[in-house]
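Asks: Build the full structure now, drawing on both the sequences and the hints.
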Amino acid sequence: MDLQQFLPLSLDRINVWIGVLCTLAIYSLLYRENPLYRFFEHMYIGLAAGYSLGPLGVDILYRYWITPIWVQGQWAWAFLVPFGMYLYFIYSERYGWVSRLVIGALVGTSAGLFFQEFASRYVVQLHSTLSRPLWMSSANPEADLFGVITNWVFIIILVSVLVYFTFSYPQKGVVKNVATAGRWFLMIGLGAIFGNTVMARMALLIGRIYYLLSDWLMIRI
Amino acid sequence: MQTRGPSIWERMLSIDRRILYLLLFANIVLFLLLPIRMRAAVSPPVQKFYDEIEKLQPGDLVMISSNWSASTLAENQPQLEAVIRHLMRKKAKFTLISVEAQSRDISYRLASRLTPEGGYEYGRDWAHFGFVTNLIVSIKGMVNNLPDTIKKDVRGTPVSELPLLKGITSLRQYKMIIDVTPSATVPFWISYAPKETKILYCPTSVMAAEAYTFLDSGQIKGMITGAKGAQEYEQLLGIVGLGTRFVNAISFSHVLIILFIFLGNLALFMNRRQMRQEG
Amino acid sequence: MWQIQNPNTPTGQLILWMIVLGAFIMIMGLVPLLHALPPRGRRAIIVIITFITGLFFATEFFLPINKEQKNFLTDAIQPAQQAVQVITALALGLGTYGLVRLHLRNVVQRRTQWGYSLVLLISFVVMATFSIANTLSEQGLVEKTPLLEQGFKLLFDYTLVQLDAAMFSLIAFYIFSAAYRAFRIRSVEAGILMFTAIVVMIGVVPLGATISPYLPGVANWILTSLNAPVQRAIEFGVGIGGLAMAIRLWLSLERGVT
Numbered sequence: 098m099d100l101q102q103f104l105p106l107s108l109d110r111i112n113v114w115i116g117v118l119c120t121l122a123i124y125s126l127l128y129r130e131n132p133l134y135r136f137f138e139h140m141y142i143g144l145a146a147g148y149s150l151g152p153l154g155v156d157i158l159y160r161y162w163i164t165p166i167w168v169q170g171q172w173a174w175a176f177l178v179p180f181g182m183y184l185y186f187i188y189s190e191r192y193g194w195v196s197r198l199v200i201g202a203l204v205g206t207s208a209g210l211f212f213q214e215f216a217s218r219y220v221v222q223l224h225s226t227l228s229r230p231l232w233m234s235s236a237n238p239e240a241d242l243f244g245v246i247t248n249w250v251f252i253i254i255l256v257s258v259l260v261y262f263t264f265s266y267p268q269k270g271v272v273k274n275v276a277t278a279g280r281w282f283l284m285i286g287l288g289a290i291f292g293n294t295v296m297a298r299m300a301l302l303i304g305r306i307y308y309l310l311s312d313w314l315m316i317r318i
Numbered sequence: 002m003q004t005r006g007p008s009i010w011e012r013m014l015s016i017d018r019r020i021l022y023l024l025l026f027a028n029i030v031l032f033l034l035l036p037i038r039m040r041a042a043v044s045p046p047v048q049k050f051y052d053e054i055e056k057l058q059p060g061d062l063v064m065i066s067s068n069w070s071a072s073t074l075a076e077n078q079p080q081l082e083a084v085i086r087h088l089m090r091k092k093a094k095f096t097l098i099s100v101e102a103q104s105r106d107i108s109y110r111l112a113s114r115l116t117p118e119g120g121y122e123y124g125r126d127w128a129h130f131g132f133v134t135n136l137i138v139s140i141k142g143m144v145n146n147l148p149d150t151i152k153k154d155v156r157g158t159p160v161s162e163l164p165l166l167k168g169i170t171s172l173r174q175y176k177m178i179i180d181v182t183p184s185a186t187v188p189f190w191i192s193y194a195p196k197e198t199k200i201l202y203c204p205t206s207v208m209a210a211e212a213y214t215f216l217d218s219g220q221i222k223g224m225i226t227g228a229k230g231a232q233e234y235e236q237l238l239g240i241v242g243l244g245t246r247f248v249n250a251i252s253f254s255h256v257l258i259i260l261f262i263f264l265g266n267l268a269l270f271m272n273r274r275q276m277r278q279e280g
Numbered sequence: 004m005w006q007i008q009n010p011n012t013p014t015g016q017l018i019l020w021m022i023v024l025g026a027f028i029m030i031m032g033l034v035p036l037l038h039a040l041p042p043r044g045r046r047a048i049i050v051i052i053t054f055i056t057g058l059f060f061a062t063e064f065f066l067p068i069n070k071e072q073k074n075f076l077t078d079a080i081q082p083a084q085q086a087v088q089v090i091t092a093l094a095l096g097l098g099t100y101g102l103v104r105l106h107l108r109n110v111v112q113r114r115t116q117w118g119y120s121l122v123l124l125i126s127f128v129v130m131a132t133f134s135i136a137n138t139l140s141e142q143g144l145v146e147k148t149p150l151l152e153q154g155f156k157l158l159f160d161y162t163l164v165q166l167d168a169a170m171f172s173l174i175a176f177y178i179f180s181a182a183y184r185a186f187r188i189r190s191v192e193a194g195i196l197m198f199t200a201i202v203v204m205i206g207v208v209p210l211g212a213t214i215s216p217y218l219p220g221v222a223n224w225i226l227t228s229l230n231a232p233v234q235r236a237i238e239f240g241v242g243i244g245g246l247a248m249a250i251r252l253w254l255s256l257e258r259g260v261t
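Chains as they are written, first to last, in the numbering used here: chain A, 98 to 318; chain B, 2 to 280; chain C, 4 to 261.
Quick caveat, the hints were computed from the structure, so don't treat them as lab data.
There may be inaccurate statements among the hints.
The list that follows gives simulated cross-link-like pairs (lysine to any residue, SDA-like), each with its CA atoms no further than 25 Å apart [unchecked claim]:
1) B:K222 <-> B:R173
2) B:K152 <-> B:I169
3) B:K199 <-> B:P45
4) B:K56 <-> B:D149
5) B:K196 <-> C:T227
6) B:K91 <-> B:S113
7) B:K91 <-> B:L35
8) B:K222 <-> B:F26
9) B:K91 <-> B:V43
10) B:K199 <-> B:L264
11) C:K147 <-> A:L108
12) B:K49 <-> A:L227
13) B:K91 <-> B:D149
14) B:K196 <-> C:K70
15) B:K92 <-> B:A185
16) B:K222 <-> A:A278
17) C:K147 <-> B:L111
18) B:K222 <-> C:G220
19) A:K269 <-> C:I237
20) B:K152 <-> A:Q169
21) C:K70 <-> B:E122
22) B:K152 <-> A:P230
23) B:K152 <-> A:I163
24) B:K152 <-> C:A83
25) C:K73 <-> B:R173
26) B:K167 <-> C:A79
27) B:K222 <-> B:F253
28) C:K73 <-> C:I55
Label-pair ranges, simulated between beta-carbon atoms [to be verified]:
29) A:L227 <-> C:G32: 56 to 64 Å
30) A:S265 <-> B:G168: 52 to 60 Å
31) B:G168 <-> C:W224: 42 to 50 Å
32) C:I125 <-> B:I20: 31 to 39 Å
33) C:P216 <-> B:G239: 20 to 28 Å
34) C:F198 <-> A:I111: 24 to 32 Å
35) B:R277 <-> A:W114: 42 to 50 Å
36) A:I316 <-> B:D52: 55 to 63 Å
37) C:F65 <-> B:R125: 34 to 42 Å
38) C:L256 <-> B:G168: 14 to 22 Å
39) B:L31 <-> C:Q112: 44 to 52 Å
40) A:M233 <-> B:L264: 13 to 21 Å
In this text, all values refer to a predicted model and were calculated from it rather than measured experimentally.
Ideal Cβ positions, reconstructed from N, Cα and C, are used throughout, including at glycine.
Replies: Given below as structure tokens:
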């Protein structure tokens, strides 16, 4: 390794060293809580909050509020931001309830939009479930034995898990056995999620260590 | 009375967490530096993803929804890089949009860095629509009237004036939507995007297991699971990217974790047995 | 009617400034008036706003569409989305405002460890300045100077991105430690979970294919045939629950929210 290239003697290298300092300061928490970590933690929060003002201010307020009013002359938009500012009354003890006018508008929007989501997201899945061929016949020329067995497995698991989640009636006798099977099947899903979660978290750490080895120590990987 | 010292099992159970951290760190360093490249068996969701992009014709328009921040850099960056490279090979045009503030700059910079490789020019072959705070209403707006919804790109150009979007009035005219995300944004695309537009998904691994129901119903046509999926995709493309560089370390960090779950259980079992024997 | 002629002339700009100022005074002036209402009256207004916004999006979806895939409400989606974007931005800004307010108090009142709050505030102000200036410069609204370019690169690419990535990568250490200390196979459920996790963890990575060519197939079968129906059952639960909750919220039956 060329020491001249490694040391922070150029602007690019200074940047890389700063990135490494940030990484190692955060990792110092693994040893114990310390002032260096606290310093960088607060810096991180400040930077993240400060950064958001650029996209929020320019991509949203400038694009959707300032330009329509001052460039296109659409004056009616002038009432929107003052109305949205009602949100900031949330910190007022006296007028706190006023923020609920805006929250109500946002909640109403989400609720109204959900009907489309229900139809496009869940009904399609219901259709996909109900249209699985469960036996081989001339009506299902593409269905093979393995596919049919897999479909039965799919339906059995789905029904068992749904039974496990249904608490509208007492789970006794056969229902209890089906619910127990449902709980076991549920563990398969949770196991898959756990396995994938481990993979994701490891990848994030690997990415960071890759940065230290590749960008900082300049090791070709 | 002489008291016995802690047994090996007790010591294993009370091991200092920092030793565990160091072991994990050393394991990753070791396997990142390992020069061996193992070939992956390409999983069906990744193969389907690849096949769908292969079907694109030159000039087809693709929407990339990039919603990740630096917190999932190692998972989503390899995916986005591989996907953009593939789109450029197919001469497909693309636009980016972000519902995550940081992703606006990260994806814009990443695409600005990669696109010259394919001779892509901003405005003619690709563009970035910037940041939106509410993806659902953006999608609904874009379906109805795209230029009026997006108004301007990140460079301040009215989108109706971009050569790339000449004659494009609705999201319906897009051939494909690719969601690169660590958050639950793909249900929004599934729910509100036009049914005729295919949806491909690049989640972080955490999100992947939950998406198999969408793959099964055909609501998404293909999926690249995290950095591991990106490695499979890079293998299909015949390139060495970040996924390929990470995958050895991913494999062996899994081995380490499984080994330690086993050791933890063994230590607990043996310790209990010993305590029972000692009354 | 909703647009003034010649907005870019000095007179047009003056009129627009007057309208914006007037709108601020008018909307803020409404607050004491609204506050004078009895609690039932206040709630009625919130309920009406919630219902009307929900009704608009629900009706737009349910009404039949013509050959152009539109109904009489479809074109109103565009201004509605514009309003929602702005209001959501202000809601997101509320978090930032709360954060700054808290730390500003820490500094002003010299509370314990106020120095860290000062670090946060300085970082906030510096980054906000560079972020806004950079975003404006991309749009050609301010000049992109070398100081702005280098400063933003340092603050964003080499500080914020690095800190963000490092902060979230810490979880890998904790997950490893927790797996060793807390993942105990004491029941059938835990055994099934562990077995599935191991097959998935090994089967989906290249090491799995190296160990046995069948392992990736088994892992994929678990994910597609065993995991998918479980996820679908959860989806159905979430969907029905979500629909019930949406109706309750829309009709303001869910107290505490509206």
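Asks: Each hint: holds or not?
Replies: Verification of the hints:
For the hint linking K222 (chain B) to R173 (chain B), the alpha-carbon distance of about 17 Å falls within 25 Å, and the restraint holds. Proximity of K152 (chain B) to I169 (chain B) is assessed by CA-CA distance (about 13 Å); at most 25 Å being required, the pair is judged to hold. Taking the CA atoms of K199 (chain B) and P45 (chain B), the gap is near 17 Å; set against the 25 Å cutoff, the hint holds. Under the criterion of a C-alpha separation no larger than 25 Å, the hint pairing K56 (chain B) with D149 (chain B) is inconsistent with the structure, at around 30 Å.
For the proposed pair K196 (chain B) and T227 (chain C), the alpha carbon gap of about 23 Å is at most 25 Å, so the pair holds. Taken as a hint, the K91 (chain B) and S113 (chain B) pair is honoured in the structure, with Cα atoms around 18 Å apart against an allowance of 25 Å. Among the hinted pairs, K91 (chain B) with L35 (chain B) is inconsistent with the structure: their alpha-carbon atoms are about 33 Å apart, more than 25 Å. The hinted pair formed by K222 (chain B) and F26 (chain B) fails the criterion: a straight-line CA distance of about 37 Å is larger than 25 Å.
With a C-alpha separation of about 21 Å, the suggested pairing of K91 (chain B) with V43 (chain B) holds against the 25 Å cut-off. A C-alpha spacing of about 46 Å is found between K199 (chain B) and L264 (chain B), which places the hinted pair above 25 Å, so the restraint is violated. Between K147 (chain C) and L108 (chain A) the CA atoms are separated by roughly 18 Å; this keeps the pair inside 25 Å, and the hint holds. Distance hint between K49 (chain B) and L227 (chain A) is fulfilled; the C-alpha atoms sit about 24 Å from each other, no more than 25 Å.
For the hint linking K91 (chain B) to D149 (chain B), the alpha-carbon distance of about 29 Å lies beyond 25 Å, and the restraint is violated. Taking the CA atoms of K196 (chain B) and K70 (chain C), the gap is near 16 Å; set against the 25 Å cutoff, the hint holds. For the given pair, K92 (chain B) sits about 29 Å from A185 (chain B) by alpha-carbon distance, which is inconsistent with the 25 Å threshold. Only pairs whose Cα atoms come within 25 Å are accepted, and K222 (chain B) paired with A278 (chain A) is rejected, the gap being roughly 31 Å.
The suggested pairing of K147 (chain C) with L111 (chain B) holds, with an alpha-carbon distance near 19 Å, which does not exceed 25 Å. With a C-alpha separation of about 19 Å, the suggested pairing of K222 (chain B) with G220 (chain C) holds against the 25 Å cut-off. At most 25 Å may separate the alpha-carbon atoms for a hinted pair to count; K269 (chain A) and I237 (chain C) meet this at roughly 22 Å. With a CA separation close to 12 Å, the supplied pair K152 (chain B) and Q169 (chain A) stays within the 25 Å bound.
Our distance criterion of 25 Å between C-alpha atoms is broken by K70 (chain C) and E122 (chain B), whose separation comes to about 36 Å. Restraint check for K152 (chain B) and P230 (chain A): the C-alpha separation of about 47 Å exceeds 25 Å, so the hint is violated. Between K152 (chain B) and I163 (chain A), the direct Cα distance comes to roughly 13 Å. Compliance with the 25 Å bound is thereby established for this hinted pair. With a C-alpha separation of about 14 Å, the suggested pairing of K152 (chain B) with A83 (chain C) holds against the 25 Å cut-off.
Proposed proximity of K73 (chain C) and R173 (chain B) is supported: the alpha carbons are some 13 Å apart, at most 25 Å. Taking the CA atoms of K167 (chain B) and A79 (chain C), the gap is about 24 Å. The hint holds against a cut of 25 Å. Under the criterion of a C-alpha separation no larger than 25 Å, the hint pairing K222 (chain B) with F253 (chain B) is inconsistent with the structure, at around 30 Å. In summary, the hint linking K73 (chain C) to I55 (chain C) is supported, as the alpha carbons are separated by about 20 Å, within the 25 Å threshold.
For the hinted restraint 56 to 64 Å between L227 (chain A) and G32 (chain C), the CB-CB distance of approximately 57 Å keeps it satisfied. Checked against the given bound of 52 to 60 Å, the beta carbons of S265 (chain A) and G168 (chain B), roughly 54 Å apart, stay inside it. Separated by about 45 Å at the C-beta atoms, G168 (chain B) and W224 (chain C) satisfy the suggested range of 42 to 50 Å. A C-beta distance of roughly 37 Å is found between I125 (chain C) and I20 (chain B), which places it inside the suggested range of 31 to 39 Å.
For the pair P216 (chain C) and G239 (chain B), the beta carbons lie near 21 Å from each other, so the given range of 20 to 28 Å is met. Range check, F198 (chain C) to I111 (chain A): Cβ separation about 50 Å, and the 24 to 32 Å hint is violated. The hint said 42 to 50 Å for the Cβ distance between R277 (chain B) and W114 (chain A), and at roughly 56 Å that hint is violated. Judged by the Cβ atoms, the range 55 to 63 Å given for I316 (chain A) and D52 (chain B) is violated: they are separated by roughly 36 Å.
Checked against the hint of 34 to 42 Å, the C-beta distance between F65 (chain C) and R125 (chain B) comes to roughly 41 Å, which is consistent with it. Separation of L256 (chain C) from G168 (chain B) is about 47 Å and departs from the stated range, judged on CB atoms against 14 to 22 Å. Separated by about 50 Å at the C-beta atoms, L31 (chain B) and Q112 (chain C) satisfy the suggested range of 44 to 52 Å. For M233 (chain A) and L264 (chain B), the hinted distance range of 13 to 21 Å is not satisfied, since their beta carbons lie about 48 Å from each other.
The structure fails to meet hints 4, 7, 8, 10, 13, 15, 16, 21, 22, 27, 34, 35, 36, 38 and 40 from the earlier list, while all remaining hints are met.
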